[in-house]
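Trainee: Spelled out, the chains give:
Number of protein chains: 2
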Amino acid sequence: MSQTIDPTVVEQVTALARRARTASRHLALMSRAEKDAALLLLADAVDAAATAVVEANAEDLERGRAAGMSASLQDRLRLDETRVAAVAQALRDVAALPDPVGEIVRGSTLANGLQIRQVRVPMGVIGMIYEARPNVTVDAAGLALKSGNAVLLRGGSAAASSNHALVTVLRESLAAQGLPADAITLLEEGGRDAARALMTARGHVDLVIPRGGADLIQTVVRESTVPVIETGVGVCHVYVDRAADLDKAQAVTVNAKTQRPSVCNAAESLLVHRDVAADFLPKVLTDLAGAGVRLHVAPEVTEYAEAAGAAYELASEEDFGTEWHGLELSVAVVDDVDEAMERIRKYGTGHTEAIVTEDRGAARRFTAEVDAAVVMVNASTRFTDGGEFGFGAEIGISTQKLHARGPMALPELTTTKWVVEGDGHTR
Amino acid sequence: MSQTIDPTVVEQVTALARRARTASRHLALMSRAEKDAALLLLADAVDAAATAVVEANAEDLERGRAAGMSASLQDRLRLDETRVAAVAQALRDVAALPDPVGEIVRGSTLANGLQIRQVRVPMGVIGMIYEARPNVTVDAAGLALKSGNAVLLRGGSAAASSNHALVTVLRESLAAQGLPADAITLLEEGGRDAARALMTARGHVDLVIPRGGADLIQTVVRESTVPVIETGVGVCHVYVDRAADLDKAQAVTVNAKTQRPSVCNAAESLLVHRDVAADFLPKVLTDLAGAGVRLHVAPEVTEYAEAAGAAYELASEEDFGTEWHGLELSVAVVDDVDEAMERIRKYGTGHTEAIVTEDRGAARRFTAEVDAAVVMVNASTRFTDGGEFGFGAEIGISTQKLHARGPMALPELTTTKWVVEGDGHTR
Numbered sequence: 001m002s003q004t005i006d007p008t009v010v011e012q013v014t015a016l017a018r019r020a021r022t023a024s025r026h027l028a029l030m031s032r033a034e035k036d037a038a039l040l041l042l043a044d045a046v047d048a049a050a051t052a053v054v055e056a057n058a059e060d061l062e063r064g065r066a067a068g069m070s071a072s073l074q075d076r077l078r079l080d081e082t083r084v085a086a087v088a089q090a091l092r093d094v095a096a097l098p099d100p101v102g103e104i105v106r107g108s109t110l111a112n113g114l115q116i117r118q119v120r121v122p123m124g125v126i127g128m129i130y131e132a133r134p135n136v137t138v139d140a141a142g143l144a145l146k147s148g149n150a151v152l153l154r155g156g157s158a159a160a161s162s163n164h165a166l167v168t169v170l171r172e173s174l175a176a177q178g179l180p181a182d183a184i185t186l187l188e189e190g191g192r193d194a195a196r197a198l199m200t201a202r203g204h205v206d207l208v209i210p211r212g213g214a215d216l217i218q219t220v221v222r223e224s225t226v227p228v229i230e231t232g233v234g235v236c237h238v239y240v241d242r243a244a245d246l247d248k249a250q251a252v253t254v255n256a257k258t259q260r261p262s263v264c265n266a267a268e269s270l271l272v273h274r275d276v277a278a279d280f281l282p283k284v285l286t287d288l289a290g291a292g293v294r295l296h297v298a299p300e301v302t303e304y305a306e307a308a309g310a311a312y313e314l315a316s317e318e319d320f321g322t323e324w325h326g327l328e329l330s331v332a333v334v335d336d337v338d339e340a341m342e343r344i345r346k347y348g349t350g351h352t353e354a355i356v357t358e359d360r361g362a363a364r365r366f367t368a369e370v371d372a373a374v375v376m377v378n379a380s381t382r383f384t385d386g387g388e389f390g391f392g393a394e395i396g397i398s399t400q401k402l403h404a405r406g407p408m409a410l411p412e413l414t415t416t417k418w419v420v421e422g423d424g425h426t427r
Numbered sequence: 001m002s003q004t005i006d007p008t009v010v011e012q013v014t015a016l017a018r019r020a021r022t023a024s025r026h027l028a029l030m031s032r033a034e035k036d037a038a039l040l041l042l043a044d045a046v047d048a049a050a051t052a053v054v055e056a057n058a059e060d061l062e063r064g065r066a067a068g069m070s071a072s073l074q075d076r077l078r079l080d081e082t083r084v085a086a087v088a089q090a091l092r093d094v095a096a097l098p099d100p101v102g103e104i105v106r107g108s109t110l111a112n113g114l115q116i117r118q119v120r121v122p123m124g125v126i127g128m129i130y131e132a133r134p135n136v137t138v139d140a141a142g143l144a145l146k147s148g149n150a151v152l153l154r155g156g157s158a159a160a161s162s163n164h165a166l167v168t169v170l171r172e173s174l175a176a177q178g179l180p181a182d183a184i185t186l187l188e189e190g191g192r193d194a195a196r197a198l199m200t201a202r203g204h205v206d207l208v209i210p211r212g213g214a215d216l217i218q219t220v221v222r223e224s225t226v227p228v229i230e231t232g233v234g235v236c237h238v239y240v241d242r243a244a245d246l247d248k249a250q251a252v253t254v255n256a257k258t259q260r261p262s263v264c265n266a267a268e269s270l271l272v273h274r275d276v277a278a279d280f281l282p283k284v285l286t287d288l289a290g291a292g293v294r295l296h297v298a299p300e301v302t303e304y305a306e307a308a309g310a311a312y313e314l315a316s317e318e319d320f321g322t323e324w325h326g327l328e329l330s331v332a333v334v335d336d337v338d339e340a341m342e343r344i345r346k347y348g349t350g351h352t353e354a355i356v357t358e359d360r361g362a363a364r365r366f367t368a369e370v371d372a373a374v375v376m377v378n379a380s381t382r383f384t385d386g387g388e389f390g391f392g393a394e395i396g397i398s399t400q401k402l403h404a405r406g407p408m409a410l411p412e413l414t415t416t417k418w419v420v421e422g423d424g425h426t427r
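If you read the protein sequences in the order shown, they are chains A and B.
The first sequence: position 234 = 234 (full-length UniProt numbering), numbered continuously.
The second sequence: position 185 = 185 (full-length UniProt numbering), numbered continuously.
Next comes chain A alone, as it looks inside the complex:
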């Protein structure tokens, strides 16, 4: 059994979850038109409150700086007028997306005349546990509302003031619209116990989605009794095959590593077929070095790293399984596609794995045998993204196999219900 959770906190969180459940019943019955209208008004409310939100955010930043928060974390936390406008716009973008609720996924009329149909319905109450990124607060609230769900938000304490300001605006707007404010609830009290109460609110919360680093996600998976969807940890590989077009390989590798190195779909490890290593490595390592990428290399790659003028070190075993979150990359040479796939099995996290090859057979084997949410052929790992896939906004990239795998957009925030209509049918 888990360590004891403060029973007062459990009671508070349960009470909030109950109110969210009541609100969710209202949301579940709203039409698309009603939900879209609500989202547009929420967006206007966020825009109107921009000054107050930026002020609240300044308090968070001030505390962060005093506590020695890193520059990159401060950047994730920061909201200026432009970013607040982008947060509001995200709500309008969600309003423009199709409503998944009510979609008939499949159905038939049985031989006995029974009509069965599987209909998409909201989950009910969704819990989000995330770090100090206040834009996630509004994104999650918008996606939850559009998919007919109430949401319980547990954001990082470093963003407490920003989240409080944003959720206050959203709740006041809901109330002014005659909608239940409890559809969007921020868990502000109870410290870590509030997060743990959320994870164990079985029956009150239908789904918990953690968004953040590997530690956060592992904690949520271990401690939750509510179903969890794991998101986002990505140790993504680029494998450059013997039959690769080396120009494409160069472009894909550099893009996958450097276009936005802090995110989960950036590449963390480069695997190069032995037969093309001497041709490919000098060029790609020179470009990577030029982009400021620090290399963690297998022994046989050191001479290339040295020649390319790269900052490098000999890779430890652990380095090959590391998500760098920055301009670092592990590099190894492999004998064939089997060794590449073996390394991916060993070090990968089932997020995105890419092969660069012109060989149909190699591509076919790689796509069939690599066990990951997304397998790329001749394309950058950076394409694993709800927006890039054409789904509009997403709530994260699922790296697990149950329910959803890959970018989680609106339909993945719903479940289904079978509706069966008869005329007094008995067995």
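The set of hints was computed from the structure by calculation and includes no laboratory data.
You may find that some hints are simply not true.
Heads up, the list lumps identical chains together, so a pair's fine if it works in one copy or across two of them.
Here are the computed lysine to any residue pairs in the SDA-like style, where the Cα-Cα straight-line distance is at most 20 Å [unchecked claim]:
1. 346 - 369
2. 248 - 6
3. 248 - 61
4. 346 - 28
5. 248 - 108
6. 283 - 54
7. 346 - 202
8. 283 - 246
With the hints as your guide, set chain B onto chain A.
Mentor: Same frame as chain A, but now just chain B:
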């Protein structure tokens, strides 16, 4: 944290799971024709071993009788020649079902020319934890094989000899076919710790499915760190609306309760609208009493139960949330569809809920607002079944919202993978 699990058992189970993982890679690449041929040979092998299986089963029955096992549990455990033939036939039936693996669920060509497609792929390794029903052993093995998954089976100890005999036959047949025997593995040692090692074999096992009573399922949900699909607990209601056709209501109620009372989709509670109680209750309670149903009634139903000559008692609060697994039924009168739905929220388990009504509005509200895997209008709850829905065999009825809800057939034993093909695409 959970109580400590014997580390030797953890090691044993992990080793078996690793071998299952290796086998699963082979299964994942098999064509439908290869899998169907294998299933037919497995069926022949079970038929050929019928005498040995029945003898092994006799040992289990002997131990069961000595331990005072109830007659109904003995019946579930029993395998005679006819039942072994049915078990073999079930494998042939699975061979005849379509293969879910490789189905392209959706896909598109993006504006930039990237081709994305979402393809159904096997889960990998599935763990089954179940009670003393040896037919489940073969059913689960067959469904897992057809969906390209390896399976780790943890059956009830009361069926140990039967399961050993059946799994030995299946593994020997696989090996004789040149297929990996580790695709079907029985966890025979380690006692309860083996089940707990299975539930916590995160990374080695992709999914655990418990099949059995409420206690078993709750234990698995609480102790698992591997994703779980809850199946089967059903406190199903039949609500007879004011606008019900009382003949249909009579047929549906009696069928839902008595056609096979021990299973999860049997009705456990009858709710009758106040306006039709005086007309409906005398008739239906007389029929139910005639079928030997014992009633647990709300105070205002006692006079009807008495007049119908039924065996009855005053229902406790707990009775209304009880899955009887037999010829018992709770009965209450409600003021309207809202009170019926309120009771279903309070006492239901999200399995199957039925309304009997000729009123479109009431049916529409009930199907929209009741939160269950299956909602029936004018049809018996007994129709919630993979076979009845036209899916062929099923592995259970999911009562949770994630991944699968309702009858779980072959597609629900798969996950998906996104395959993205480009030509050197970068962001």
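Trainee: Each hint: holds or not?
Mentor: Hint by hint, here is what the structure shows:
1. Only within a single protomer do residue 346 and residue 369 lie at most 20 Å apart by alpha-carbon distance; the minimum there is 14 Å, versus 46 Å between protomers.
2. Proximity of residue 248 and residue 6 under a CA criterion of 20 Å is satisfied in neither setting, with 56 Å inside one chain copy and 52 Å between copies.
3. Taking the shortest alpha-carbon separations for residue 248 and residue 61, neither the intra-copy value of 42 Å nor the inter-copy value of 66 Å comes in at or below 20 Å.
4. Proximity of residue 346 to residue 28 under the C-alpha cut-off of 20 Å is restricted to the inter-copy arrangement: shortest distance 18 Å between copies versus 43 Å within a copy.
5. Proximity of residue 248 to residue 108 under the C-alpha cut-off of 20 Å is found in neither arrangement, the shortest distances being 47 Å within a copy and 22 Å between copies.
6. Taking CA atoms no more than 20 Å apart as the test, residue 283 paired with residue 54 passes in neither setting, with 45 Å inside one copy and 69 Å between copies.
7. Taking the shortest Cα distances, residue 346 and residue 202 sit within 20 Å of each other only across copies (15 Å), while inside one copy they are farther apart (34 Å).
8. With identical chains, the CA atoms of residue 283 and residue 246 are at most 20 Å apart within one copy only, with a shortest distance of 9 Å there and 81 Å across copies.
When held up to the earlier numbered hints, the structure conflicts with 2, 3, 5 and 6 and fits the remainder.
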